[in-house]
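Novice: In case you want the letters, here they are:
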Amino acid sequence: MVPVADVIVGVSRPEPQADAGPPAQLQIPQFNIVPRVGLGIGIVVTALVIAAIAANKLWPLEFFHVAGGAAWTIIDLFLGLVLGPIMGMLSPPARVEFTTRLMPKMVVIMPTVVTMTLAAGWQLSTKLGTNLTSYPHHAWVVASFIVVGVMSILALGLLEPANIAVLFELKKPRPRPHVIERLMKRFIYCAGILGVMQIATLVIMTRLASG
Amino acid sequence: MSAAGPATRETTIGAAVGDRGVQGAGSAAEPKLPPVTELAMASLTLIVAGGIYLSSHLPNHVPLAPAVVLLAISALLLGANLLLLARVRDFAWERFFAVGRWSLLAYVGIAGMVEYAFLRNHLRGGPLIVLTLSLVVFAVHVPTLVGFTVARYHQPELTGEAVGASAEAPAFR
Numbered sequence: 001m002v003p004v005a006d007v008i009v010g011v012s013r014p015e016p017q018a019d020a021g022p023p024a025q026l027q028i029p030q031f032n033i034v035p036r037v038g039l040g041i042g043i044v045v046t047a048l049v050i051a052a053i054a055a056n057k058l059w060p061l062e063f064f065h066v067a068g069g070a071a072w073t074i075i076d077l078f079l080g081l082v083l084g085p086i087m088g089m090l091s092p093p094a095r096v097e098f099t100t101r102l103m104p105k106m107v108v109i110m111p112t113v114v115t116m117t118l119a120a121g122w123q124l125s126t127k128l129g130t131n132l133t134s135y136p137h138h139a140w141v142v143a144s145f146i147v148v149g150v151m152s153i154l155a156l157g158l159l160e161p162a163n164i165a166v167l168f169e170l171k172k173p174r175p176r177p178h179v180i181e182r183l184m185k186r187f188i189y190c191a192g193i194l195g196v197m198q199i200a201t202l203v204i205m206t207r208l209a210s211g
Numbered sequence: 001m002s003a004a005g006p007a008t009r010e011t012t013i014g015a016a017v018g019d020r021g022v023q024g025a026g027s028a029a030e031p032k033l034p035p036v037t038e039l040a041m042a043s044l045t046l047i048v049a050g051g052i053y054l055s056s057h058l059p060n061h062v063p064l065a066p067a068v069v070l071l072a073i074s075a076l077l078l079g080a081n082l083l084l085l086a087r088v089r090d091f092a093w094e095r096f097f098a099v100g101r102w103s104l105l106a107y108v109g110i111a112g113m114v115e116y117a118f119l120r121n122h123l124r125g126g127p128l129i130v131l132t133l134s135l136v137v138f139a140v141h142v143p144t145l146v147g148f149t150v151a152r153y154h155q156p157e158l159t160g161e162a163v164g165a166s167a168e169a170p171a172f173r
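Chains as they are written, first to last, in the numbering used here: chain A, 1 to 211; chain B, 1 to 173.
Certain hints may be false.
Stated by the list, open to error - Some chain B residues well away from chain A (every beta-carbon gap over 10 Å; in silico):
| hint | residue |
| --- | --- |
| 1 | P35 |
| 2 | V68 |
| 3 | A72 |
| 4 | A80 |
| 5 | L83 |
Said to hold, decoys possible - Below, simulated PhoX-like cross-link-like pairs (lysine-lysine); rule was C-alpha separation at most 25 Å, straight line:
| hint | chain 1 | residue 1 | chain 2 | residue 2 |
| --- | --- | --- | --- | --- |
| 6 | A | K185 | A | K105 |
| 7 | A | K172 | B | K32 |
| 8 | A | K127 | A | K57 |
| 9 | A | K171 | A | K185 |
| 10 | A | K172 | A | K185 |
| 11 | A | K185 | B | K32 |
Unchecked claim - Between beta-carbon pairs, the in silico distance windows are:
| hint | chain 1 | residue 1 | chain 2 | residue 2 | range |
| --- | --- | --- | --- | --- | --- |
| 12 | A | L81 | B | D90 | 38 to 48 Å |
| 13 | A | Y135 | B | G126 | 21 to 31 Å |
| 14 | A | A67 | B | E94 | 36 to 46 Å |
| 15 | A | N56 | B | P35 | 39 to 49 Å |
| 16 | B | G126 | A | I146 | 17 to 27 Å |
| 17 | A | L132 | B | I129 | 20 to 30 Å |
| 18 | B | I129 | A | W140 | 26 to 36 Å |
| 19 | B | P59 | A | I146 | 15 to 25 Å |
| 20 | A | T133 | B | L105 | 31 to 41 Å |
| 21 | B | G112 | A | K171 | 21 to 31 Å |
Don't read these hints as lab results, they were simulated from the structure. Built from N, CA and C at the ideal position, the CB exists for glycine as well.
Start from the sequences, fold in the hints, and give me the full structure.
Specialist: Next up, the structure:
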């Protein structure tokens, strides 16, 4: 398996030194850093979550929490443990194209999914009383707070800024390989750690759901 | 890439490899910048810890002092971060504010949503104040971090000069 540290856009891989002539030409697809359609969908979803919180009905809250949580978990696991290593095996042009198509979507998807999951989850737990100290499995709930807290710090503090910075770099006429390498390394490492932490989330949530 | 048609552009992405070597080439000209990311991570950690402390004791009354201390240290770290950042010369402030203001808009929206959830659940008094101020620190610090991460790698568009030629190390005043 290719180490995750190597899962970069790949542009820093040294070409043979004898080939010090003209630099390799890579085609970078045109892209928007924040896709407008995705942004519209994100705003609609957020509005629906606010409506669900205002209504305080079980089904919408359960829907947004479970659907958002499932999406968050699957994306983290898949990106960190499956897609990441695959990216490392792609040719540099393929990696560049894949990155420019994936990362803008991640800019919109992850904040929306995380906000949806946490906001609906908190309201749901308030409605059901599972966030009270009187709840029999309160320790598990607190454990979920801690896991989610750590994941949020990593996602907000490291992953999201790296995601956006990579896109800005790729927008330049001459993207710098070492910058992309550094940022993508940070992104993929974070995604891998979050993927592993999502396993803890699965353990906690299935335990809580089992009563 | 022919399938992509005109919606692509060619770039000399490999130029830097030839010009400056490969690994570590970037670090040689790495600007000296304050530890904004580290401070922001510490600040966010403190806020999250305070939030977990308060929410894990619901509905019991708990002393607010630990949460207030965590919030105060977190706010101090935010202030220190902004101060250190403001002292950097030759920083891409235009890019920082361009990215930061949109990010701020997004995170104010998210913080507003969380605040609404607090109010919807009749949170009142000290815990509401502490959590609201925590959200303020969160909504300012994360956009600061996003803007910083983008701006630190910004440099005037490269034309024909060696990559990194304009990446002189910003100095502290």
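Novice: For each hint, tell me whether it holds in the structure or not.
Specialist: Quick rundown of the hints versus the structure:
1. At the 10 Å boundary, the C-beta of P35/B stays outside the reach of chain A, the nearest C-beta of that chain being 12 Å off.
2. With a cut of 10 Å on Cβ distances, V68/B stays outside the contact zone with chain A, its closest approach being about 18 Å.
3. Separation of A72/B from chain A is adequate, the least Cβ-Cβ distance of about 19 Å exceeding the 10 Å criterion.
4. Separation of A80/B from chain A is adequate, the least Cβ-Cβ distance of about 16 Å exceeding the 10 Å criterion.
5. Remark: the non-interface label on L83/B is consistent with the geometry, its nearest Cβ contact in chain A lying 19 Å away (cut-off 10 Å).
6. Between K185/A and K105/A, the direct Cα distance comes to roughly 18 Å. Compliance with the 25 Å bound is thereby established for this hinted pair.
7. Restraint check for K172/A and K32/B: the C-alpha separation of about 22 Å stays at or below 25 Å, so the hint holds.
8. Restraint check: the Cα-Cα separation between K127/A and K57/A comes to about 9 Å, which is no more than 25 Å; the hinted pair holds.
9. The straight-line distance between the Cα atoms of K171/A and K185/A is roughly 19 Å, inside the 25 Å bound, and the hint therefore holds.
10. Using a Cα cut-off of 25 Å, the hinted pair K172/A and K185/A holds, with the two alpha carbons roughly 19 Å apart.
11. Taking the CA atoms of K185/A and K32/B, the gap is near 21 Å; set against the 25 Å cutoff, the hint holds.
12. The hint said 38 to 48 Å for the Cβ distance between L81/A and D90/B, and at roughly 41 Å that hint holds.
13. Restraint check, Y135/A to G126/B: a C-beta distance of roughly 23 Å satisfies the suggested window 21 to 31 Å.
14. For A67/A and E94/B, the hinted distance range of 36 to 46 Å is satisfied, since their beta carbons lie about 40 Å from each other.
15. Between N56/A and P35/B, the C-beta spacing of about 43 Å keeps the proposed range 39 to 49 Å intact.
16. Between G126/B and I146/A, the C-beta spacing of about 23 Å keeps the proposed range 17 to 27 Å intact.
17. A hinted range of 20 to 30 Å holds for the C-beta pair L132/A and I129/B, which are about 22 Å apart.
18. For I129/B paired with W140/A, a C-beta distance near 29 Å keeps the hint of 26 to 36 Å intact.
19. For P59/B paired with I146/A, a C-beta distance near 20 Å keeps the hint of 15 to 25 Å intact.
20. Evaluation of the 31 to 41 Å hint for T133/A and L105/B yields a pass: the beta carbon distance comes to about 37 Å.
21. For G112/B paired with K171/A, a C-beta distance near 30 Å keeps the hint of 21 to 31 Å intact.
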